[in-house]
Amino acid sequence: MTLSTLRRANGPHAAAVGERRGEVVVSDIGLDYNGVPALADTDLHVHAGEFFTLLGPSGSGKTTLLRIIAGLLDPARGTLHIDGTDVTRTPTQKRDIGFVFQNYALFPHLTVAENIEYGLKVRKLPAAKRAARVAEMIELVALGGYAGRYPAQLSGGQQQRVALGRALAQNPRVLLLDEPLGALDRGLREELGAEVRRIQQESNTTAVYVTHDQEEAFILSDRMGVMRDGRIVQLGTPEQLYREPKDLFVAKFLGKTNLFPGRLTGRDGASALVRVGDHDLAARANPAIQGEDVVCSVRPEQLVLGAVGDPAQPGLERLAAATVTEVRFLGQRRSIHLDADGIACAADLDPSAPVPVAGEHVSLLVRPGEVALVAAE
Amino acid sequence: MTATDATTPTTPLAINADPVVRRRIGAITARVALLAPVVAIYLLFFVWPVFSVLLRSLSPDGRFDAAAPVIDLSNYQKIFVDDFLLRIEWRTVLLAVNSTLLTVLLAFPTAYFISRLSKRTAALLLLLILVPFWVSIVVRLFAVTSILSPNGIVNQLSLALGLGETSLLYTQAGTLVGTVMYLLPYMVLVLYAGMTSVDDNLVLAARTMGASSVRTFFTVYLPMVRGSIVSGALLVFILGLSFFLVPAILGGPQEQTISVYIQQQIDVYQWGIASAMGILLLIATIICYVGVVRVAGSFQPGGIGSAQAKGVSTSLPFRWSPWMAGSAVVSVVTIAFLVIPVLFVFPLAVGETGTVVFPPRGFTLRWFGEVFTSQTWLGPITQSLIVALGTAVLSVGMALVLARITSRMTSTTGKAVIGGLAFAPIVTPAILLAIGIFDVELRLGLTGTVIGLVFAHTIIAFPLSYALISAAMGSADRGIEAAAWTLGASRARAFWTIVVRGIMPSVVGAFAIAFVTSWDEVVLALFVQTGPTKTLPVTIYKYLESGIVPTVPAVASLLVLVVVLIVVVRSVLNRATADRAARRGTVRPPARQEKP
Numbered sequence: 001m002t003l004s005t006l007r008r009a010n011g012p013h014a015a016a017v018g019e020r021r022g023e024v025v026v027s028d029i030g031l032d033y034n035g036v037p038a039l040a041d042t043d044l045h046v047h048a049g050e051f052f053t054l055l056g057p058s059g060s061g062k063t064t065l066l067r068i069i070a071g072l073l074d075p076a077r078g079t080l081h082i083d084g085t086d087v088t089r090t091p092t093q094k095r096d097i098g099f100v101f102q103n104y105a106l107f108p109h110l111t112v113a114e115n116i117e118y119g120l121k122v123r124k125l126p127a128a129k130r131a132a133r134v135a136e137m138i139e140l141v142a143l144g145g146y147a148g149r150y151p152a153q154l155s156g157g158q159q160q161r162v163a164l165g166r167a168l169a170q171n172p173r174v175l176l177l178d179e180p181l182g183a184l185d186r187g188l189r190e191e192l193g194a195e196v197r198r199i200q201q202e203s204n205t206t207a208v209y210v211t212h213d214q215e216e217a218f219i220l221s222d223r224m225g226v227m228r229d230g231r232i233v234q235l236g237t238p239e240q241l242y243r244e245p246k247d248l249f250v251a252k253f254l255g256k257t258n259l260f261p262g263r264l265t266g267r268d269g270a271s272a273l274v275r276v277g278d279h280d281l282a283a284r285a286n287p288a289i290q291g292e293d294v295v296c297s298v299r300p301e302q303l304v305l306g307a308v309g310d311p312a313q314p315g316l317e318r319l320a321a322a323t324v325t326e327v328r329f330l331g332q333r334r335s336i337h338l339d340a341d342g343i344a345c346a347a348d349l350d351p352s353a354p355v356p357v358a359g360e361h362v363s364l365l366v367r368p369g370e371v372a373l374v375a376a377e
Numbered sequence: 001m002t003a004t005d006a007t008t009p010t011t012p013l014a015i016n017a018d019p020v021v022r023r024r025i026g027a028i029t030a031r032v033a034l035l036a037p038v039v040a041i042y043l044l045f046f047v048w049p050v051f052s053v054l055l056r057s058l059s060p061d062g063r064f065d066a067a068a069p070v071i072d073l074s075n076y077q078k079i080f081v082d083d084f085l086l087r088i089e090w091r092t093v094l095l096a097v098n099s100t101l102l103t104v105l106l107a108f109p110t111a112y113f114i115s116r117l118s119k120r121t122a123a124l125l126l127l128l129i130l131v132p133f134w135v136s137i138v139v140r141l142f143a144v145t146s147i148l149s150p151n152g153i154v155n156q157l158s159l160a161l162g163l164g165e166t167s168l169l170y171t172q173a174g175t176l177v178g179t180v181m182y183l184l185p186y187m188v189l190v191l192y193a194g195m196t197s198v199d200d201n202l203v204l205a206a207r208t209m210g211a212s213s214v215r216t217f218f219t220v221y222l223p224m225v226r227g228s229i230v231s232g233a234l235l236v237f238i239l240g241l242s243f244f245l246v247p248a249i250l251g252g253p254q255e256q257t258i259s260v261y262i263q264q265q266i267d268v269y270q271w272g273i274a275s276a277m278g279i280l281l282l283i284a285t286i287i288c289y290v291g292v293v294r295v296a297g298s299f300q301p302g303g304i305g306s307a308q309a310k311g312v313s314t315s316l317p318f319r320w321s322p323w324m325a326g327s328a329v330v331s332v333v334t335i336a337f338l339v340i341p342v343l344f345v346f347p348l349a350v351g352e353t354g355t356v357v358f359p360p361r362g363f364t365l366r367w368f369g370e371v372f373t374s375q376t377w378l379g380p381i382t383q384s385l386i387v388a389l390g391t392a393v394l395s396v397g398m399a400l401v402l403a404r405i406t407s408r409m410t411s412t413t414g415k416a417v418i419g420g421l422a423f424a425p426i427v428t429p430a431i432l433l434a435i436g437i438f439d440v441e442l443r444l445g446l447t448g449t450v451i452g453l454v455f456a457h458t459i460i461a462f463p464l465s466y467a468l469i470s471a472a473m474g475s476a477d478r479g480i481e482a483a484a485w486t487l488g489a490s491r492a493r494a495f496w497t498i499v500v501r502g503i504m505p506s507v508v509g510a511f512a513i514a515f516v517t518s519w520d521e522v523v524l525a526l527f528v529q530t531g532p533t534k535t536l537p538v539t540i541y542k543y544l545e546s547g548i549v550p551t552v553p554a555v556a557s558l559l560v561l562v563v564v565l566i567v568v569v570r571s572v573l574n575r576a577t578a579d580r581a582a583r584r585g586t587v588r589p590p591a592r593q594e595k596p
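Order-wise, the sequence lines are chains A and B.
The opening residue of the first sequence carries number 1 in full-length UniProt numbering; numbering runs sequentially from there.
The opening residue of the second sequence carries number 1 in full-length UniProt numbering; numbering runs sequentially from there.
Same shape as in the complex, but just chain A (with noise of 0.2 Å):
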C-alpha cells in the first residue's frame, strides 16, 4: 500500500494526492500554571509541509505549547487550528497527528510491528493493509529485522526510529516531536537527525520540533522559533535569527558572540551607524531597537586580527584593541581568545592563517554589515 491510498483510507481528514496538509494557526493561545503564565498569549502560523523547530531553555514553554497542538494540555485562552478547522476542543485522539515522546514512550508490552500497527488498529484498517503499512514503515525508519523484538531489546537510537515510525504509520496531519534525540550521544543525534528530516520530506508531513539544541534546530528546520519565559521572541529561518538576532537573548542563545557596547549613531535604511568606544562603524539596522544604547554582536568566525597601527584593510572597519590570551587549535579552526579593554571576546582562525601568540596586542576587524545590533538590557 502506497502513502496516497492510506491517506484515503483516513476518513475525513484525507487530502488530494501531493496536496500539503498540517498547517498549524496558533492564535492567542495562553495557559497559567498556578497563576503564572507558562504560555504568555502566543501567535505562530506553521505552513503545511514545512519543517518547524522551537527552540529555548528549559522552562521556555516549549513544550508547553507543543503538548497543547497536540491536545495533552488544555489552554485557558485562545483558539488552535488544523489545517483550517478550530481543533481547540478536539481531543487529542481526533486530532490526527503524531506525536514523538522525549523518552519515546514505546509500549513496553509490544513488539516493534505492534508498535507501529497499534494506531492502524485503532484505525480498524484490515489486516492486510496492517501489514503492509507496518512493513512499509520497518522499511522507512530503516529497521529491517527488527519487527519482532521488544523495545527492550532495542538500543536508544533504534527505539528513536519506532517511535518515529509509530507516529508517522496513521499517516498523520502533523507530526511532533518533543526533544526526540535528547537521550542520544552525540554521534547518533546528528545522524538521526538528518534522517528525522529525510522521513519528514519523504511522508510529506509537517513538522513541529521542540529542542533546546541549537545544532539541530539548524540542521533540521526550515524556520524556528525560539522561546523565552513563554514566549516566542522571534521566528524566521536558522539564517535569520543567527545573522540578525532580535534582543541580547537570541544573540546570546544561539550559536557563540562577541558583545560589545556601542550606541546608535544614525540609521539610514537597512543599516545604521554605532560608534564603539573611539570607533564608527556601519551595522545592520534592528526595527526593535528603541533608545540609543545598543550592543553590537559580531560572531567569532567575522573577527579578523590585524596588527596595531596598520592602517584598515579595505573592506574592514576597526572595533577595538585587544589583546591575545590565549590560542587554541581546534582543528577546523583555531580559537583565539582576546581581552579587549575588559570585554573578553574569542575570533575563530582558518588554522592555515598567522598564528598570534598570547599577550601580543591586536586590533579587532570586522567587515561592515556583518555587526548586528540588539537594544541593551
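The set of hints was computed from the structure by calculation and includes no laboratory data.
For every residue, glycine included, the Cβ atom is placed at its ideal position computed from N, Cα and C.
One or more of the hints may lead you astray.
[Claimed, not checked] Each pair of labels, with its calculated beta carbon distance range:
{"hint": "1", "chain 1": "B", "residue 1": "Ile41", "chain 2": "A", "residue 2": "Gly35", "range": "36 to 44 Å"}
{"hint": "2", "chain 1": "B", "residue 1": "Thr410", "chain 2": "A", "residue 2": "Gln240", "range": "38 to 46 Å"}
{"hint": "3", "chain 1": "A", "residue 1": "Ala183", "chain 2": "B", "residue 2": "Val97", "range": "50 to 58 Å"}
{"hint": "4", "chain 1": "B", "residue 1": "Ser411", "chain 2": "A", "residue 2": "Val25", "range": "32 to 40 Å"}
{"hint": "5", "chain 1": "B", "residue 1": "Thr219", "chain 2": "A", "residue 2": "Ser335", "range": "52 to 60 Å"}
{"hint": "6", "chain 1": "A", "residue 1": "Pro91", "chain 2": "B", "residue 2": "Lys415", "range": "21 to 29 Å"}
[Stated by the list, open to error] Far from chain A, by Cβ distances over 10 Å, these chain B residues were calculated:
{"hint": "7", "residue": "Glu89"}
{"hint": "8", "residue": "Val97"}
{"hint": "9", "residue": "Leu204"}
{"hint": "10", "residue": "Ile266"}
[Unchecked claim] Incomplete in silico selection of chain B near chain A, CB under 8 Å:
{"hint": "11", "residue": "Asp477"}
{"hint": "12", "residue": "Arg493"}
{"hint": "13", "residue": "Ile498"}
Could you slot chain B onto chain A? The hints should help.
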C-alpha cells in the same frame, strides 16, 4: 457602575474558557462515576461497621439508639475494672508479648543464616518458609491439634521417654506454640528482606578498621537491621494481640483472649463490652502502627511474601563460625517447626480407621475419594471458589479504579492519605471488622448471602491488590498512555490495551493475592456466613471445634498439595525467566509469546 467595571475584563476570558471548563467537568464526572462504587463499598463495609461498633460500645447495653443518642463510657470503665475482664486482657497481652519474643528469637538467627547462604540454598530454604506461610492457618492448626492432643506424638514421645503426661492442648503453652507458628514466617520474611539489603562493604569496612567480628556485628550490622527487627516485631505483636483462631482452637475454654471473648459475647448478642474491647484493640493496633511507621519510615504490607533469594555476595562469602553454627541449629528448629505440621497432614489422611490417629493404621485413599463425592465437602469447595473469585474480581476492579486515579494525582499528601485510607482495613483487627460487618450486614439483610461475604472479603483483600497495582502503575511510564492517545486510541482503549496490559503481571498478582486472601479467610466468614453452606476453611474450623472426621486430613492434604504445587511451579518459572534474562543480558518485558 462598579459591578459592570468589575465584570467587563473577565468576560472574554470566561467565554474562551467555558468549553474547556465543560470538558474538564466531563472528565471529573467520569472519574466520580467510576469512583462512586469504590467509595460506597468502602463506606458501607468498612467505615460504617467500625463506626457502628464504636457507637455500640458507648451505650451500656450495646444497643445504639439513634433517636436518643447517649455517650456512656461505662463499658470502657468496666473493661478496666472488672477482674474477669482484666484477666482476659492480661492473658492477651502476655500471649502477644511472649509470642513476639519467641518469634524474634527464632526468626533472627534463621533469617541471618539464610541471608548468608548461597543463592540456590537460600531459595530452597525460603521455599520451606513460604509453603507453610501460604498454607491456610486452619490446616496447620488441625495438624497442631493432632500433634498436641493426648494421643498425639508429643504426648506419646513424652510417655515413652518416661517424662510423664505432656498435654499441651488447651493450655497457655499450646496457644503460644500455635501463635508462634503463625507469626514466624512473617518475621523471617521481614528480617530476611532487611538483612539482604545491608551493604556487605560496610561490614568489610569495619573489619578493615580492626573491629572484631563480634564488635562488627553489634556496632555495624545490628544497627543497620534494627529497623527491620523493630518493625517486624511490632507487626507480629499486632497480629498476636488480636489473633483469634489459635486461642479459639488451641486455648480452649480456660484460655480466653480478647478476641475469643468478643466472639463468644457476640454469639449471645451481648454487644456492649465486646464492642468496647474491639475498639480497645483498634486503638492499641493504631498505636503500634504509628510505631512501625516511625521506625521504618513507612508501612509496607505488600513487602511480605515477595522475598526473593538474593544470595550472598562474593565480597563477604559464607564461612562457618560458632555463631553461624548456632544460627544453623536455630534455623533447623524453625524450619522443622514450620514444615512438620504441614507434612503431618499426609499420614493422617491415609489411615483406614474411622478416627484420625497417628501413626496411621493401614493405608487407603478412600477419604480423598469421599471428599470429591460427598456434598459435605463439594458444597464448601464450590462456595469458597465462588466467593474467592468474586472477591478477586471486585478487588482488582476497585484497585484499578483507585490506582488509576491516584496515579494521576500530583499532590503527594493526597496520595498518602488515599493510600493510608485504603490500607486501613488490613490494619484493623480482624475480630473488630468481623463483628462490625456482621452488624451492618444483619441490618442490610446480607448475612448468609454469597455477595455479603464477597463484600466483606473485598474489604481486606482490596488493599493488597491496590498495593500491587498502584506500585506497578506508579513505576510504569505515564507517557505511554498519552502516546496511545496521540495515536488515536480512545481513553478507555488506551487504558485497557496499554496501561492495564503493560502491568498485566501485577494485575494477575493482585487477582491471585485477593483470591488467596478470601480462600484462606476464616474470621469474617465465620460471622457473616449464617447459611448452611460454609466456605472451606470455616468448614474445617467447625470440625476442629466439634471433632475431626477422616475426610478433614484428606482435605487438608489436598490444600497443602495445591500450595506446594503453586509455590514450586512459580519459583521454577521465576528462575527460568531470570536465567533467560541473564543469558540475553537484557531485561525482558513480562513473559508473553503469543502473536496477534
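Taking the hints in turn, this is what the structure says about them:
{"no.": "1", "hint": "Ile41(B) to Gly35(A): 36 to 44 Å", "in the structure": "holds (38 Å)"}
{"no.": "2", "hint": "Thr410(B) to Gln240(A): 38 to 46 Å", "in the structure": "holds (40 Å)"}
{"no.": "3", "hint": "Ala183(A) to Val97(B): 50 to 58 Å", "in the structure": "holds (55 Å)"}
{"no.": "4", "hint": "Ser411(B) to Val25(A): 32 to 40 Å", "in the structure": "holds (36 Å)"}
{"no.": "5", "hint": "Thr219(B) to Ser335(A): 52 to 60 Å", "in the structure": "holds (57 Å)"}
{"no.": "6", "hint": "Pro91(A) to Lys415(B): 21 to 29 Å", "in the structure": "holds (26 Å)"}
{"no.": "7", "hint": "Glu89", "in the structure": "holds (53 Å)"}
{"no.": "8", "hint": "Val97", "in the structure": "holds (48 Å)"}
{"no.": "9", "hint": "Leu204", "in the structure": "holds (34 Å)"}
{"no.": "10", "hint": "Ile266", "in the structure": "holds (49 Å)"}
{"no.": "11", "hint": "Asp477", "in the structure": "holds (6 Å)"}
{"no.": "12", "hint": "Arg493", "in the structure": "holds (7 Å)"}
{"no.": "13", "hint": "Ile498", "in the structure": "holds (6 Å)"}
In summary, the structure agrees with every hint in the numbered list given earlier.
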